[in-house]
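Participant: Based on the hints, put chains B and C in the right spot on chain A.
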Amino acid sequence: MSLENLTQDWSRYRNGIEEGGFHNYEHRWGMAIDLNACIGCNACSTACYAENNLAVVGKERFSKGHYMHWMRIERYWDEDQAKAEFPDQGANFLPMLCQQCGAAPCEPVCPVAATYHTPDGLNAQVYNRCIGSRYCSNNCPYRVRYFNFWSYPESAWPAPLNLQLNPDITVRDKGVMEKCTFCVQRIRVAKDTAKMENRKIKDGEFTTACAQACPTSAIHFGDLMDAESAVTKLWAKHQVKRHDDEGLPVSTQHKQNPALRGYRVLEELNTDPSVMYLERVREELA
Amino acid sequence: MMNLKLKRREFLQLMGWSTAGATLAGCDLPTTVTLEEGKEEVVAYLSPEEYVIPGVGVWYASTCLQCAAGCGIHGRVREGRALKLEGNPDSPVNRGKLCQMGQSGVQTHYNPDRLSKPQLRKDGKLVDISWDEAWKVLDEKVGAAAKTSGARVAWFTGTVSGHQAALIGEHLDALGSRHHFVHEVINNAVGRAVNQDVLGEAMPRLALDQAKLVLSFGADFLGTWVSPTHFATEYAKFRSGTRGVLVVAEPKMSLTGANADLWLAVRPGTEGMLALGIAHALMQSGVSVPDAARPAVAAYAPVKAAEITGISAQRIEQVAALLKQHSPSLVLAGATVEGQEQGYQAASAVMLLNVMLGNVGQTIVSSGEFPFPQLRPRTGNTRDLVAFAAAAKDKALDVAFFYGTNPVYTAPASLGLAEGLQNIPFKVVLTQFPDETAAQADLVLPVASSLEDWGTHVAAYQPEQGVITFQQPLMEGLYPGTPGVGDALLKLLKMREAQKYGAFNDYFSYLQNAVASLPEQYKASGLTNKQLWEQTLQKGLLTVDSAPGSLKTNVGEITLHEVKADAEYPLHLIPSPRLGLWDGRHANIPWLQEAPDQISKVVWDSWAELHPSTAARLGVREGDVVEITSAHGAIKVKVYVFKGVHPDAIAVPLGQGHEGYGRYANGIGANPLKILSPAIEARTGELALYGTRVKATRTGVHEELVKEGRNNISQRSRKLVVTISAEQFRRTEGV
Amino acid sequence: MRWIQLDRAKREPARQGCGALLVALALVWAMPASADTAAPASIKYPVAPEGAHAGKDVAQPIEFPHDIHTAVNKINCLYCHTYARRSKVAGIPPTSKCMGCHSVIATDKPRIKQLTEYWEKKQPVPWKKVHDVPDFVHFTHEKHLKKFIFDNDELVQNLSVDTVAPVCAACHGDLRTMTVAKKIKPMTMGWCVSCHEKNGGPGDCWACHK
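Chains as they are written, first to last, in my numbering: chain A, 1 to 286; chain B, 287 to 1021; chain C, 1022 to 1231.
Bound conformation, chain A alone (with noise of 0.2 Å):
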């Protein structure tokens, strides 16, 4: 029965690996963004507008914490220049989006399994299942998902902007949860083709919309399990590992080096995230 098979399957995807979950995976798509490169310019988070459908949502709504940038970039200052008359090195920019947690928060508060954990190693959010409790917004400690407060198809594409759409994905409506997919349509034409080309997906022959626009090159996107991949060989560079590649908790990162440069933000919490970050790096002139 499907009932049956859908409730058994979504215990699984709900579990922990340490439960015995469902990590079987087919792919483990994952990035790496690099500090160093990045320069803050939003093209990324542009790139995302256009590919994902994201509604604008104007002014009065913004204020009101209800924008739709699945990608954005946060900005931060040099907290020990607190004091000083001017900040003598430029800002911290840090491009946030979903980071497809390994051992996601949002997974198991959903009431209506309406995200889950994708064989390819993705938080998916389905968004004809979904309910709005914003249970999975209040658990995610990264706060990268975004409600649909109000129903944006006529104010945001108001004719002929919607012809702009994209037909690969779906438009949102009031009342749904949604957030960055890694551009699960490009995946799925990519595992589309290869698969009808009997082969495996190619490393490099797609990528997501902020990593091919990014102009400083500063987003790697990959598939963790391809041991060719160039985003594995990044996190292998760099000596940071999925947790369960080894079984070690997610927190003991144990760094041959510690003076490499990658790390994930906000791992203490054991959310296994996919998205690796390379520091930021500055010349000491002070």
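Honestly, the hints are just simulated from the structure, not real lab data.
Among the hints, a few may not be true.
Claimed, not checked - Pairs of lysine-lysine, DSSO-like flavour, derived with a Cα cap of 30 Å:
(1) B/Lys887 x B/Lys981
(2) B/Lys403 x C/Lys1142
(3) B/Lys325 x C/Lys1130
(4) A/Lys233 x B/Lys403
(5) A/Lys191 x C/Lys1167
To be verified - Which chain A residues stay away from chain C? Per the calculated CB distances, all over 12 Å, these:
(6) Pro105
(7) Pro111
(8) Asp120
(9) Gln125
(10) Asn128
(11) Arg129
(12) Ser137
(13) Phe206
(14) Ser217
(15) Leu266
(16) Glu283
(17) Ala286
What the hints assert, rightly or not - Just a sample of chain B residues kept apart from chain C, beta carbon distances all over 12 Å, derived:
(18) Glu323
(19) Tyr765
(20) Thr845
Ideal placement from N, C-alpha and C gives every residue a C-beta, glycine not left out.
Facilitator: Structure of chains B and C alone, referenced to chain A:
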């Protein structure tokens, strides 16, 4: 791709490029799910190309026209709709990358405020007319002018190049006029003049990736300077491997400044003295100074420069030492340097550093001469704006054509342009949108969007070799009858010189002929004209290499005067350009309005950046509305308190304050350009855009600034962005 | 000329895309029992999901006779619906495809005259959509065809309208018995899922939801 027997529209149609706009009416409400049979129409292709498959996107190469940098684009088209723009990897300018403005090209194209019908002023009001009437009126009016006073016809455009520029030139020649005014607010005209005088080339190639240190005086090369996407790709190389050092000196932190290793808040208008101070320190450490510049360098010992610029003598000496240590380097001057009454002298002082450090020939190299003068870019400036305003005021013009620029919005009120326009009897505006200039027009001609049009373009900054980029329509025009810009120009030319241009059905066939008649030495051997045309369109560009020359180092005398304090207007107004809204032309793009400013993170608004000490003196905090008054007007803006601005400066971003530019732009914020003084850069005649003094006063009004991540200023000791030293980077990853 | 309801679809968050995605007019109806249209018994076909839909008769601008083309003239479904194996969307055959034959065949017939008129005026035929799935569903024809037709060696060796039709019929009914298409399968999620279970299709939500 081509069939000369067909009109463009017909062949597009036969190719299955559909008018997607036609089926808009009668949309269901979003919540109405109708899967019911027979309720919807499915319209099949008539006779599609083999490669057109429903459900599969096709990518076409074209050129981005969102700014003048000339990036190549690939546009994804599905079912006749352009859906997404990405960079063209074959383009040496942007190498497959595209900035947020470029990507928003689709929203310029699909903008709901686009004009679909021509408008004519009747009884003082603009009313819709038919295309036939529009062309007729145009023929009559320009014809009448041609008979009596062709020399009193003018074109006023933004930066144009390629065959578009050639045709504008031909049109003016046909009329016997020499009035082609080219205007851009965001330009590097003063820098080009300095380059021309010192190096012998207006826009040499800058090898950012070869530089071990870049010292930028307000040149926002990652954001708004010359060719930002190109320089961002170069920056990535500059920051990898041995990792170059970036030092930025400017009165207000730009996007480039926000990525600096060392950011120096220089007193506005004193950048030239800072450059001389650094030159002096270099001289002291044994670097030779060209004779002509020696008196100027000698006059600014670091201690004196420190006094003037607010940058300590130790810092000045440190920067000089860094420059000496990291060779070759690259020193750049941007808008804050150039936009002063002594901008040319200050930019020359910056260029002097390159000469002293031996960068010319290493990181600054000749780009050669582009072989086709007709197609060379006419780069925009503000001198032409001033000249045009004067010509209008003096009743020197009878007919003016406007294209690609919105001078009524960008001109400082002190130039009196809006009043002057009343003296031009017939003003024709070619535009996609109703804007402030179109509102003053006598005839408004809607033109095709850049995604619907043919064209060729030549970027002012050529990164590798001479390249003509090609623009082709990604889809059928949304509004039938709306001509491409080239088509409109051809039509105008046919009205004057029918025998010469009658052979060309349209701009498309004109361009095809142009490619076919390319001099043989530039054609790849073994290609037929048809193959050449198809290959060029497919690639999006045509390379016409030219042998690079060699650069000179003609340093002249440099004379800088002290910047005097103004007791009544103590603050320097910085009308800062944004990568996003640019000079205001992108204020009608919802994605860009909602994209937070990179530094302040403000959306949908204007703001005034004030240093905390200045804000404290004025008794204002973030969100308080201040009135900024110059001798030429006043604007009201909310305060954004920010340490990355010099206490003597107040920075208001460009782009907002529109009154007639559509639903997304109107009524938001203020336009700082309006209150600029008409002061002129002494050598070049450019407007001194950064030379206006203002005062700020409290209004007592407070409104919250809408920002992304309202309180995300500090990481609060969380490990979000971690910074390591460059030394450690070089140890673990360096080459 | 226009193509499908592009715009409209995108204004409907709950439904997918632009009609472009799932327009599967045509194709054939699997009634392997029917004597004159039987496929070789050795060919393995998907276990068709149960369920029926009492579809409406949809009046088309031209009453296209699927039966004449397939049952009588034995033209393979994929000859006209060629996009089905190359795209997620089966699409509607372009008018040029019709005219490839009908510029010479049966030119005196009233339906062909109608068709010729559209062609000469360079107007697309305003077909009505019969089969559709909601906006939030990702369905791909090409992969289903690969699995059930092109990876089925026995079928490929006996490729004909009568061997292909039963595959198409699993979702569209046997069009060898219809003139214009009629929806006779439910095309609901449960119906899809039951087929996936019987034939080993993916059970992951994101395989089909977007």
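Participant: Just pull the numbers of the violated hints for me, sorted ascending.
Facilitator: Violated hints: 4, 8, 9, 10, 11, 18; rest satisfied.
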